[in-house]
Amino acid sequence: MVAQQVEAVTSPPPQESKRDQARRKRNAKGQTGVAYLFLSPWMIGALLLTVGPMVASLYLSFTNYNLFTAPEWVGLDNYVRLFTEDDRFLSSVSVTLRYVLLSAPLKLAAALAVAMLLNRPRKGQGFYRSAFYAPSLLGASVAIALVWRALFTDSGTVDTLLQKVGINTGGWINQPQYATIVIVILAVWQFGAPMVIFLAGLKQIPQDLYDAAAVDGASKWKTFTSVTLPMLTPVVFFNLVMEIINSFQAFTGAFVVSNGQGGPADSTLFYTLYLYQRGFSDFQMGYASAMAWLLLLVIALVTGLLFWSSGRWVFYSGEDK
Amino acid sequence: MSTATVTPPKQAATHTKAKSGRWRPAVWHVIVTAIVLLLLYPIIWLVAASFKPADEVVTSLSILPDNPTLENYTAAFDGIAGVSFWSFLGNSLFVAIGSVVGNVVSCVLAAYAFARLRFRMRGLMFAFMIGTIMLPYHVVLIPQYIIFQQMGMVDSFWPLILPKFLATEAFFVFLIIQFMRGLPRELDEAARIDGCGPIRIFFHIILPLVRPALITTAIFTFIWTWNDFFSQLIYLSTPSNYTLPLALRLFIDQTSVSAYGPMFAMSVLTLIPIGLFFLAFQRFLVQGVSTTGLKG
Amino acid sequence: MGVQGSSPWRRGVTALSALAVLGAVGACGGTNDGGDGDVTIRFTWWGSDDRARLTEEAVALFQERNPGINVVTSYSAFDGYFEKLATETAGGNPPDVIQMDYAYLREYADRGVLADLNQFSEDQLGTEEITPLLATSGEIDGALYALPMGQNTHTFAYDVERWTETGVGLPEPGWSWEDWFDASLELAEATDGESVGLTDFGWSWETFQVWLRQQDKDLYTEDAELAFERADVVEYMELLERFRSEGASTEGSVTAQIDGAVENSPVSRGLAFADFSWDSTVPSFFSVLGRPVALAPMPRIGERVGQFAKPAMLVSIAERSDHKEAAAALVDFLLNDEDAGKIQGTTRGMPVNESVREAVGAELEGADEVVYEYEELLADELEETPPPPPPGNSTLKREWERLNQVVAFGQISIDEAADQFLNRAQQEL
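Residue numbers (this note's numbering), protein chains in the order written: chain A, 869 to 1189; chain B, 150 to 445; chain C, 6 to 434.
I should point out that these hints are in silico values taken from the structure, not numbers from a laboratory. These figures come from a predicted structure and were not determined experimentally. Certain hints may be false.
Claimed, not checked - Beta-carbon label-pair distances, calculated as ranges:
{"hint": "1", "chain 1": "A", "residue 1": "1023", "chain 2": "C", "residue 2": "327", "range": "34 to 44 Å"}
{"hint": "2", "chain 1": "A", "residue 1": "1023", "chain 2": "C", "residue 2": "381", "range": "37 to 47 Å"}
{"hint": "3", "chain 1": "A", "residue 1": "958", "chain 2": "C", "residue 2": "420", "range": "57 to 67 Å"}
{"hint": "4", "chain 1": "B", "residue 1": "280", "chain 2": "C", "residue 2": "128", "range": "53 to 63 Å"}
{"hint": "5", "chain 1": "C", "residue 1": "243", "chain 2": "B", "residue 2": "389", "range": "31 to 41 Å"}
{"hint": "6", "chain 1": "C", "residue 1": "66", "chain 2": "B", "residue 2": "433", "range": "46 to 56 Å"}
{"hint": "7", "chain 1": "C", "residue 1": "178", "chain 2": "A", "residue 2": "1023", "range": "32 to 42 Å"}
{"hint": "8", "chain 1": "B", "residue 1": "231", "chain 2": "C", "residue 2": "221", "range": "45 to 55 Å"}
{"hint": "9", "chain 1": "A", "residue 1": "932", "chain 2": "B", "residue 2": "433", "range": "25 to 35 Å"}
{"hint": "10", "chain 1": "B", "residue 1": "189", "chain 2": "C", "residue 2": "420", "range": "14 to 24 Å"}
{"hint": "11", "chain 1": "B", "residue 1": "433", "chain 2": "A", "residue 2": "1076", "range": "50 to 60 Å"}
{"hint": "12", "chain 1": "A", "residue 1": "995", "chain 2": "B", "residue 2": "352", "range": "26 to 36 Å"}
{"hint": "13", "chain 1": "C", "residue 1": "247", "chain 2": "A", "residue 2": "1023", "range": "19 to 29 Å"}
{"hint": "14", "chain 1": "C", "residue 1": "148", "chain 2": "A", "residue 2": "1031", "range": "52 to 62 Å"}
We put the beta carbon where it would ideally sit given N, CA and C, even for glycine.
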């Protein structure tokens, strides 16, 4: 029995029949009104608060805008300058890409592992869940910045511990080759958000699928790969998309390590940090907007690929069956 | 993520089974406690630092204070320049609770439309919604400020709360959508055959089932709003409107004498409400579909 | 749009226009006149809780004396202050009275944000008693866009007790860079290299400026171009490199942790004996170290000290302010009133009004007294503030800090760094 269900879970959704398509069309017409009713807060928000500022920033990306006097049209100038004249831009791209590739998978793996660990009915679960979430309560506050410095500076806690086993690094946050790692550790440490989402997703998996697997004598690993993971794919997909977008926009971590300067030696100059410096310290909001839209394009491309691939591996039990 | 590629480690499975029994939970507790202690170390450091006197806070390397003191807490409770700690706390609570209500209500409505209803321009609108998360916040800040300025809402809580009632946080809309898409369609179909319209389906079937997602939304909104510094800094000007994150920063200004001790103390005080909020709501997370009696 | 869709849609539009109307009505609130002929002005500054308390006290006194003027205050830490100010200004909603930084003054003044203070009479806004060293520090092309709120200057602050313990001779005014180099090596030797004499001062753009001025050069010409050459950059960086490589100043990984906060400076951490600093931050050293520090003037090349009186912070009035006269009255009060001066003390640096400074100076003790005496010691040598740096300065300052870090870590050569810097300067100026 479990075999059947597993098949249903993993096989791609069957093609829609002509009749289904026709029904959908009818539905589309009949539901548009009520859909717009449900969407009305979102639509007002979009029209009032989102569309305008987005269009404005797109326009500004083609201008020279110093915040205080009227923007001056310069065409593609900002975009050209980014690639031809700006070494710091290029280095911020490489810092950010390295961060995305390291932090997103590590954080998600930690979150999923702990969620699985906490998903069993055991005594004290509420306490453990809260304890694992506790680091994420702090966000990137000034307090956590100071704690992090105390831990990872030279002769800080980590350095002292490592020296005891004969490794002398001379501190992490103060050296370009380690500083990014500290920010990755900070990000992974705060895995609470994806963990909670995984937990909520795990709880949504109907118990009878597990019962069926047990009846079939499936091993734990088999149950995990053929019931848990497939049923969890919508949530995995969500976390993946969001973590990738978030780490592309990584910003606050640099405040922890370098007080927002991007140091040491630009090793934590994240893309959005540089954008922020350009916009608010250098008063070049046009340039910053060009950076922002370039980032949007890249993220959209990556996210688009993920959405496109999701048809092959994300399983929605509520759709197209 | 194909299942075919993984061969089940059968031997290992039987091996554990043989060894299992009363030791398993104990081992589990030991492992989990060890991880927890490691993770909580920085927080313990933070709490310990809040009891250190001024000359120990920065220079002392030991985690425990040599001469524990409560003076940092006294200073934190004193507030700043005549505005009391309780005023900051009250403002933070107001903003956080308002945001929670706004986000939960507006995001679930939008999510239902995207996840379950068919309508014109759905694909386009969905793409736009996801797109709004991709643009760095800093470049839309000034246009948004101008909008709120035009509406006369600057230096009030409106710019912080109103957007939440208008589902501008696509993160949560998308989150709830993903949960709804995981709910079996048969439920809707059955209800429709019984003569329910989309509105009744939403209230009677979908809403109760996405509760874990809504709890998640509530928890995250509360905590993230609580910690949000930048937009509160931009939109709140009068000190009596200030929230905790703004007050916290005032203890450490690099151009004047900093007060690290009171800052740590206020950080700990700031943590308590969100810690309690999480403790109170996390148990609802586990009462998912599997425990509400739903059979697929 | 389907027929069915139009009804909620229209409802949305209605709600939207309702909001817009609401907004239009609300916009009439803000900082306009109250009903009884009073005016309300907004005053914003950065600083810690301590400065907030003292300033609020002074403002309360001002309101007591000027019943017709209502002052709404707003303050934040330095981090974020200028982002908020930029946003408010771009949004057409700048505060009336603005605490301003010397480095940002031109960015605002050149773009018409700030009012020319020359429009006020001496009665409205007194400038006569302001120390002549600083009086023109807010002047650009003949217009006065800001007045200083406090004075500070460069210093090498050193841990005098620890220094004395080593037996090495204490620094004297007039010491050259070479004298400092020698003393620094002796200090390092005396502590077995545990702490070196000096914090690497390459992170500081301002130290470079003093070094240039000692040779009758400067950072910028009056036409906002570089007033130094590539050879100067190379020579200065080689000086820094010599300090570092011989063990007279801190190495890259220590220097990288400097973030402007006294708490994280090598002197506070016991890794160096002296830091380049502004004398206004000295009270922080006292509270962090728990013992006094002493102040030495900058090392010199020849006779000229190259240091100048710097406005620790300035105050400006927004050009868009509807109540410039009330704003001027507040500024006048904060700078020139003796009672206001006594309340504020040295929270913004040495008072700039000379008679206020004397009155305040007589009451100072501890760290504030050390600073006061240091400024008195240098009074004859201190030079006038150079014109505010041109737009682009903040970028160059950051680039300077970065390149010095990169060189300190040995990632690029001094020649490459000099090339990169001049390249950036060409783009920005």
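Here's how the hints hold up against the structure:
1. A/1023 x C/327: 34 to 44 Å: violated, 56 Å
2. A/1023 x C/381: 37 to 47 Å: holds, 39 Å
3. A/958 x C/420: 57 to 67 Å: Cβ of residue 958 of chain A to Cβ of residue 420 of chain C: about 21 Å, so the range 57 to 67 Å is violated.
4. B/280 x C/128: 53 to 63 Å: The hinted range 53 to 63 Å holds for residue 280 of chain B and residue 128 of chain C, with Cβ atoms some 58 Å apart.
5. C/243 x B/389: 31 to 41 Å: violated, 55 Å
6. C/66 x B/433: 46 to 56 Å: Cβ of residue 66 of chain C to Cβ of residue 433 of chain B: about 53 Å, so the range 46 to 56 Å holds.
7. C/178 x A/1023: 32 to 42 Å: holds, 35 Å
8. B/231 x C/221: 45 to 55 Å: At roughly 50 Å between Cβ atoms, residue 221 of chain C and residue 231 of chain B fall inside 45 to 55 Å, so the hint holds.
9. A/932 x B/433: 25 to 35 Å: violated, 52 Å
10. B/189 x C/420: 14 to 24 Å: Violated, at about 50 Å.
11. B/433 x A/1076: 50 to 60 Å: Violated - the Cβ-Cβ distance for residue 433 of chain B and residue 1076 of chain A, about 22 Å, lies outside 50 to 60 Å.
12. A/995 x B/352: 26 to 36 Å: holds, 35 Å
13. C/247 x A/1023: 19 to 29 Å: Given about 26 Å between the Cβ atoms, the range holds.
14. C/148 x A/1031: 52 to 62 Å: holds, 59 Å
Comparing the model with each numbered hint stated earlier shows that hints 1, 3, 5, 9, 10 and 11 do not hold.
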